[in-house]
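Construct the complete structure from the given sequences, taking the supplied hints into account.
Taken in order, the sequence shown gives residues 1 to 478; the numbers are from the working numbering.
Hints listed in this document are in silico derivations from the structure and should not be mistaken for laboratory results. Just so you know, even glycine gets a beta-carbon here, dropped at the ideal spot from N, CA and C. Careful, some of the hints might be misleading.
[To be verified] Here are the in silico distance ranges between beta carbons for each label pair: (1) Pro414 / Leu380: 29 to 35 Å; (2) Gly236 / Arg424: 22 to 28 Å; (3) Arg260 / Pro332: 35 to 41 Å; (4) Arg229 / Gly175: 15 to 21 Å; (5) His379 / Gly265: 39 to 45 Å.
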Amino acid sequence: MLGPRIVVAGTASGVGKTTVATGLMAALARRGTSVASAKVGPDFIDPGYHALATGRPGRNLDAWMCGPDAIGPLAGRASRGAEILVVEGVMGLFDGADKFKNTDSTAPGPPSGSTAELAGLLQAPVILVVDAAGMSGSIAAVVHGYRSWDPSGDQVQTLARSQVNVAGVIVNRVGSDSHEAMLRTALAPLGVPVLGILRRDDRLRWRDRHLGLVPVVEDEVDLRRRLDRVADAVEGQCDLDAVMALARTSPPVSVDEPPRPRPGGRARVAVLGGRGFSFTYPDNLELLAEAGAQLVPVDPEADACLPEGVDALYAGGGFPEVYAAALSANRPLLDDVGRRVGAGMVTWAECGGLLWLARSLDGHRMAGAVAADGRMTDHLTLGYRTAVPAVDTPVAPAGTELRGHEFHYSVIDPPGGALSWRGRHGQGRGGYATPTLLASYLHLHLASTPGLAERFVASAAAPGPAGHPGLASRPRQW
Numbered sequence: 001m002l003g004p005r006i007v008v009a010g011t012a013s014g015v016g017k018t019t020v021a022t023g024l025m026a027a028l029a030r031r032g033t034s035v036a037s038a039k040v041g042p043d044f045i046d047p048g049y050h051a052l053a054t055g056r057p058g059r060n061l062d063a064w065m066c067g068p069d070a071i072g073p074l075a076g077r078a079s080r081g082a083e084i085l086v087v088e089g090v091m092g093l094f095d096g097a098d099k100f101k102n103t104d105s106t107a108p109g110p111p112s113g114s115t116a117e118l119a120g121l122l123q124a125p126v127i128l129v130v131d132a133a134g135m136s137g138s139i140a141a142v143v144h145g146y147r148s149w150d151p152s153g154d155q156v157q158t159l160a161r162s163q164v165n166v167a168g169v170i171v172n173r174v175g176s177d178s179h180e181a182m183l184r185t186a187l188a189p190l191g192v193p194v195l196g197i198l199r200r201d202d203r204l205r206w207r208d209r210h211l212g213l214v215p216v217v218e219d220e221v222d223l224r225r226r227l228d229r230v231a232d233a234v235e236g237q238c239d240l241d242a243v244m245a246l247a248r249t250s251p252p253v254s255v256d257e258p259p260r261p262r263p264g265g266r267a268r269v270a271v272l273g274g275r276g277f278s279f280t281y282p283d284n285l286e287l288l289a290e291a292g293a294q295l296v297p298v299d300p301e302a303d304a305c306l307p308e309g310v311d312a313l314y315a316g317g318g319f320p321e322v323y324a325a326a327l328s329a330n331r332p333l334l335d336d337v338g339r340r341v342g343a344g345m346v347t348w349a350e351c352g353g354l355l356w357l358a359r360s361l362d363g364h365r366m367a368g369a370v371a372a373d374g375r376m377t378d379h380l381t382l383g384y385r386t387a388v389p390a391v392d393t394p395v396a397p398a399g400t401e402l403r404g405h406e407f408h409y410s411v412i413d414p415p416g417g418a419l420s421w422r423g424r425h426g427q428g429r430g431g432y433a434t435p436t437l438l439a440s441y442l443h444l445h446l447a448s449t450p451g452l453a454e455r456f457v458a459s460a461a462a463p464g465p466a467g468h469p470g471l472a473s474r475p476r477q478w
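See the structure below:
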């Protein structure tokens, strides 16, 4: 059963959604409230901030990757034992993969993967964050537009018929008492509750870099100090009682338990971590464990070899380019990984993990398990993808349609061709695969396709070095 919940949405990227959402989480947690959190979409970094604020794993709710039917069960998993679920939106309220939907792209309703779609699926009230810098009376037009817009395409429908319930506003970057008074006067005729007025304060900014905010794992001490300042501001300038009351207006919704993997064997799986590899969904780790995996962390800068007795390697993404010199300096581990992956150890690598398995990254020597070289560029590759492996892999058999996303500035040469992919703006081939290896730029959520977790663990549990010695030494390109 889904209990009290809210969605914190923005009018656009950069208006302060993460500041407000994370501040609400931290301020409520300070009061002794058990707070669960989630991020709309595939982002890895914001959920780390949520986890810092709540003390619970930060989750992702992505209706494009996992499908609408999975959202209720995943939200139920995320909010188990919590008094409130706070969901942070993505981009603007109505922004999503409108030309690349799960179904017919002309179908009515909010864009697939959007915050509006997610709020509708959860039947959750929306708190709209508005950046009021350089604005006074115009805020009323902005808020009225977001409250009355009907994403079904019939723009004359009334608010009462809208699928999205914008039930409150938090105004950010307010300059002064007089500015606040003008904003409140402008909003009063709309009858929408103003749940908070946050003053302009550059100390509330987060640190960022080329793919977004700096991950928590890289400097938790500094980010906790910043989070404390954000929580102080939200505590003093937002009505937390009203936020909780709004969350309690969410109707009770009965949800099924997420499908639990059927254990396909027992296997020890090394999970790449450390400050350079933090892009791993908590749900993925839990689903692997439920499928029979014993997860063993690996620090690629500190550990001299893979843990004893591991059967498989899961190398997620992150920022290996930031730590390339330190990663390259750990020759004992890289040599061990290159040798064992080449001998057929079951391996699944995504994005940063692919770069780590390559021969080099920006001239720094890496593991050499994949016969390619990585380098950073100024071009961002971003978006949802469907991808189909041409050969059997330890994650999915040949011909399986996988749904994932890419988010990187790097390229790898040669790019490989084991996966045929399609995205919003085109299609192509990329990645490396054998029956023991899947290494590509594609980030996967294991709840997106039934059987992925079971297959990976079963592959790892197979006799011998995955039963395919030597196959990974030269990953096949198609």
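We went through each hint and held it up to the structure:
Under the hint 29 to 35 Å, the C-beta atoms of Pro414 and Leu380, about 21 Å apart, miss the expected range. A C-beta distance of roughly 42 Å is found between Gly236 and Arg424, which places it outside the suggested range of 22 to 28 Å. Under the hint 35 to 41 Å, the C-beta atoms of Arg260 and Pro332, about 38 Å apart, fit the expected range. Separated by about 19 Å at the C-beta atoms, Arg229 and Gly175 satisfy the suggested range of 15 to 21 Å.
For the hinted restraint 39 to 45 Å between His379 and Gly265, the CB-CB distance of approximately 42 Å keeps it satisfied.
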